[in-house]
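Protein chains in written order, with numbering that gives the first Met the number 0: chain A, 0 to 341; chain B, 0 to 321; chain C, 0 to 310.
Hint data in this document are derived by calculation from the structure and do not stem from the laboratory.
Be aware that a few hints might be false.
What the hints assert, rightly or not - Chain C is faced by these chain B residues, among others (derived, beta-carbon under 10 Å):
| hint | residue |
| --- | --- |
| 1 | Leu26 |
| 2 | Val127 |
| 3 | Gly130 |
| 4 | Gly133 |
Unchecked claim - Each pair of labels, with its calculated beta carbon distance range:
| hint | chain 1 | residue 1 | chain 2 | residue 2 | range |
| --- | --- | --- | --- | --- | --- |
| 5 | C | Leu47 | A | Glu65 | 32 to 42 Å |
| 6 | B | Gly124 | A | Tyr280 | 19 to 29 Å |
| 7 | B | Leu309 | C | Ala207 | 37 to 47 Å |
Stated by the list, open to error - Take a look, some chain B residues computed to stay more than 10 Å from chain C by CB distance:
| hint | residue |
| --- | --- |
| 8 | Leu3 |
| 9 | Gln83 |
| 10 | Asp143 |
| 11 | Pro271 |
| 12 | Pro316 |
| 13 | Arg317 |
Treat the numbers as computed from the prediction; the structure is a model and nothing was measured.
Note that the Cβ used here is the ideal one computed from N, Cα and C, for glycine as well.
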Amino acid sequence: MTEPLLSVRDLRTYFRTSAGVARAVDGVSFDIAANESVGVVGESGCGKSVTSLSLLRLIQRPGTIEPGSHIEFEGIDLLALDDESMRKIRGNRIAMIFQEPMTALNPVFTVGAQLAEVPRVHSDIGRRDAWARAVEMLGVVGIPDPAERAKSYPHQLSGGMRQRVMIGMALMLSPALLIADEPTTALDVTIQAQILELLAELRAKTAMSVLLITHDLGVVAESTSRVIVMYAGEIVEQAGVRELFAAPHHPYTEGLMAAMPRAGEKRERLTVIPGTVPSPYDWPAGCRFHERCPYAWERCESEHPPLYQIGAGHVSRCHLAVEPERRATPHEPRAARAGVTA
Amino acid sequence: MGRLLAGRILQGLAVVWVVATLTFALLHSAPGDPFSYQSGRRIDPEIRAHWRYVYCLDRPLSAQYVCYVRSIASGDLGYSISKQRPVRDVLIDYVPRTLELMFLGLCASFLIGITLGVLQARHRGTVVDWGSRGVSLLFYSMPDFWLALMMALVFAYWIPLFPISGIEDVVAAPTYGWWQHAGDHLRHLVLPVATLALMTTAAIARFQRAAMLDAIGLDFVVTARAKGVSEGAIVRHHVLRNALLPVITLAGVTLPSLLGGAVLVELIFSWPGMGYLTAMAVESRDYAIVTSSVLITSVLVVVGTIAADLLYALADPRVRAQ
Amino acid sequence: MLVLRWAAAGTLVVAICAALWRAAHPPRGATGARAALARYAAHPSAVLALIALVSLYVLSALAPWLATHDPIAILERTLSNHAPSRAFLFGTDYAGRDVFSRVLYGARISLSIALLATSISVVVGTLWGVTAGFYGGRLDALMMRLVDAFLAIPRIVLLIAVGTLWAPLSMSALIIVLGLTAWFDTSRLVRAEVLSIKDREMVVAARALGATDLAIVKRHVLPNVLTPVIVAATLGVAGVIINEAALSFLGIGVPDPTPSLGNIIRDGTPYLASAWWVALFPGITLVITALAYNLAGDGLRDAMDPRQVDR
Chain A
0 MTEPLLSVRD LRTYFRTSAG VARAVDGVSF DIAANESVGV VGESGCGKSV
50 TSLSLLRLIQ RPGTIEPGSH IEFEGIDLLA LDDESMRKIR GNRIAMIFQE
100 PMTALNPVFT VGAQLAEVPR VHSDIGRRDA WARAVEMLGV VGIPDPAERA
150 KSYPHQLSGG MRQRVMIGMA LMLSPALLIA DEPTTALDVT IQAQILELLA
200 ELRAKTAMSV LLITHDLGVV AESTSRVIVM YAGEIVEQAG VRELFAAPHH
250 PYTEGLMAAM PRAGEKRERL TVIPGTVPSP YDWPAGCRFH ERCPYAWERC
300 ESEHPPLYQI GAGHVSRCHL AVEPERRATP HEPRAARAGV TA
Chain B
0 MGRLLAGRIL QGLAVVWVVA TLTFALLHSA PGDPFSYQSG RRIDPEIRAH
50 WRYVYCLDRP LSAQYVCYVR SIASGDLGYS ISKQRPVRDV LIDYVPRTLE
100 LMFLGLCASF LIGITLGVLQ ARHRGTVVDW GSRGVSLLFY SMPDFWLALM
150 MALVFAYWIP LFPISGIEDV VAAPTYGWWQ HAGDHLRHLV LPVATLALMT
200 TAAIARFQRA AMLDAIGLDF VVTARAKGVS EGAIVRHHVL RNALLPVITL
250 AGVTLPSLLG GAVLVELIFS WPGMGYLTAM AVESRDYAIV TSSVLITSVL
300 VVVGTIAADL LYALADPRVR AQ
Chain C
0 MLVLRWAAAG TLVVAICAAL WRAAHPPRGA TGARAALARY AAHPSAVLAL
50 IALVSLYVLS ALAPWLATHD PIAILERTLS NHAPSRAFLF GTDYAGRDVF
100 SRVLYGARIS LSIALLATSI SVVVGTLWGV TAGFYGGRLD ALMMRLVDAF
150 LAIPRIVLLI AVGTLWAPLS MSALIIVLGL TAWFDTSRLV RAEVLSIKDR
200 EMVVAARALG ATDLAIVKRH VLPNVLTPVI VAATLGVAGV IINEAALSFL
250 GIGVPDPTPS LGNIIRDGTP YLASAWWVAL FPGITLVITA LAYNLAGDGL
300 RDAMDPRQVD R
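Isolated chain A, as found in the complex (with noise of 0.2 Å):
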């Protein structure tokens, strides 16, 4: 049993303000192969993008990785580890590219510049060499006429560009692990297909992990092998994709795919999951789905669900796993009764 290339165990974020403590990430465990893609698939608030951002160290006040968190990397423990080591890691062995390119672009510089920045700062590579290499990753990402693009800005580019450019970015110094947090959620559908289509064959070529962050499950369907559902905080079901699409367990996973529309289907109305995301900083004892599960009863209520095994590969954090009988009799969930709907 080869080492996991990411190990992460209880990982816990917390946020500290006046308002209260907000548990963004309330206890999350995984792990990530070598040359795995694996998706984390949530609806906003449920912690997916803190998760990512705290495997790399970036959450900044108010917010910390809480004590008792655990998370190994390589071999080594991240969270050990002092600034200036970790800061050798960031786009080196692990980069990470983000939702809004044209924000997480800084605008001030060029597109070259900026992915030359990537080996300047972890090795003492030349400015020459540095471009050269910046205009070569260009040409890799598929943008047209790398030599005169690189000397463009940020705003003179399009969007679907603009992300090729920050996966380039990541790319300078081929990590390990891609952590990639919704790339294609500010794209045009079609542009969403051709970054994707990137990626896969940027992954095939260097053997690269990524782990995917999406609330779109189409996405996750087409790009990973390995599936992670969040909610409020906490993993609760994880799974291969094809078992995840053809038999999920959690009410809410069922919720997630039956909300998506497919073509070629005759519906009147979307379904929706009634009720909202209950507040991290006040997350409901028991089962933290149950206002919405439409299978609750009294022991969801009270009793928080560990993460059960449910097949090879497979867990769910749902009481169904030791009640299935359960699953029969579905009724009106409790926000829906209060009327409260997303």
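Model the placement of chains B and C on the given structure of chain A, informed by the hints.
Okay, now just chains B and C, sitting in the frame of chain A:
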């Protein structure tokens, strides 16, 4: 870019025209004939006649206005009663000295102010930050003339480091060689420039700190961190370059206050510049000087603002592309 | 006797501050203005500033009651330019007058002039900004061009021009002139606020329902404009005080022998090296006042804008 420049120049001219109209209104609303004297000094009848002609004094108000604007546009700013010379000639002697003070004061306050703002943003929340902000605010709240007086008191009287007044050592100057002259001049510059700079630095530091903090929260900073750029390099390289842009626009606001400060600072240090001239003109009720002051300072502000706008356009690649 | 009076005045200051403190910390949660007050009270510097201002205003208002000597009466010539002592807390000036009493009276004059002038500037600036922002188009462009022109003139230079040409200025003329040269920033702020409100749904809806312009302004525009205006006004008072002092320093402000913080400094300037106390104390008073207004203004800005995060 050329269009931008042309537009700004036009706007500037409009501003100067409005100011000229204002000074005209001031002159004609003042009690008594603006071109006469209360203190009994005699004016050459030839000069009187010249005025009559240039300012169309025997014609109706609207004609007088036109004459006034026309003479200003051609550079004739009137006759200084206290100096017994045309205002234009007087200004040529005095304005350059103010420009010298302004330029040095502007450079000093921007350099120190920006550095201070950057430091404060980098060490936000620590003693360095709120300590220097407190001191900054203290200087910002001081009346310029009082600060000048205290500076003179401390650094010229109590600790006789610098000369109290003037632009050069009047007694020894004739004997000075080139180097000594420069040194003497510099010594005389220190206190007035320092006074001006102290007050303006505070305003600039405040602004720069805010601009830095705004920029620090922006997304590209997160990207830079994710690339492994060190915190120091992020602040110095990524953030500063962005935060410097808004500070350039500050020049437009700083100039009027700097010029205003110059009036009293020059008076107290007897620095023979336009401010000194203006302050002196109060005593002698020299209307021509006082109104010309209003005009010239506004022209200087307009020129400075246009220069700042140009600089901004050159510095921000998003604007430059247009 | 005098000590008792001072004690009474001090008690009054403490009482006012305590009342304000109580208002800022109501037993139950507060909303609206009360909440803003509470947010303000969370900044120690802003609280100190408010205490300083309350003290200054109360003590200077009670100047006739609290002064140690007559501020105008010239005592014996032999007492001129004496250093601070028991009898003359801040020393005496060239004419043998007690500087402490003059500063107390001078503060009274300067502080009240500042308040009155600022009120004028608030009214003019708000009217100007509302008109320009609301009606837009050519009128707006014209009005704001005028403001730009005024802003290009350093305020003190303009004040000197007016003060010289219309010398001597009566007290009310001085206040009006100070007020009429201080409204430009306010008008810009107000206009910006009006522009952002003008197109909001509630205004469009009100229009569609046939509300008159005046009514719309009263109901929708003014309440929203209030916040930036209050902040700008507070910060503006500091500027007005300093300008009045500058004018008095030059001799075209408050006329002698009425003391104003500015002209006391003027009296002390020729004797700066030997009788530095004459210039020092009124200046310190000015600095404290301006500093307090600046801190209070900053505190108000943070308190009234709930979107501000701790910097």
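The hints, checked one at a time:
Taking 10 Å as the C-beta contact cut-off toward chain C, the hint placing leucine 26 of chain B at the interface holds, the least distance being around 7 Å. With a cut of 10 Å, the hint placing valine 127 of chain B at the interface with chain C is violated, because the nearest CB-to-CB distance is about 15 Å. Because the beta carbon of glycine 130 of chain B sits about 12 Å from the nearest beta carbon in chain C, more than 10 Å, this interface hint is broken. Interface restraint check for glycine 133 of chain B: the shortest CB-CB distance to chain C comes to about 8 Å, inside 10 Å, so the restraint holds.
Taken as a hint, the range 32 to 42 Å holds for the pair leucine 47 of chain C and glutamate 65 of chain A, whose Cβ atoms sit roughly 37 Å apart. For glycine 124 of chain B and tyrosine 280 of chain A, the hinted distance range of 19 to 29 Å is satisfied, since their beta carbons lie about 24 Å from each other. At roughly 45 Å, the beta carbons of leucine 309 of chain B and alanine 207 of chain C sit within the given window of 37 to 47 Å. For leucine 3 of chain B, the condition that its CB be more than 10 Å from all CB atoms of chain C holds, with the nearest at approximately 17 Å.
Every CB of chain C is more than 10 Å from the CB of glutamine 83 of chain B (nearest about 18 Å), matching its label as outside the interface. With 10 Å as the threshold on Cβ separation, the claim that aspartate 143 of chain B sits away from chain C is violated: the shortest Cβ distance comes to roughly 7 Å. Consistency note on proline 271 of chain B: stated as away from chain C, and its beta-carbon is indeed over 10 Å from all of that chain's, at 17 Å minimum. Its beta-carbon lying about 27 Å from the closest one in chain C, proline 316 of chain B satisfies the requirement of being farther than 10 Å from that chain.
Once the 10 Å rule is applied to beta carbons, arginine 317 of chain B is consistent with being away from chain C; the minimum gap is 22 Å.
When held up to the earlier numbered hints, the structure conflicts with 2, 3, 10 and fits the remainder.
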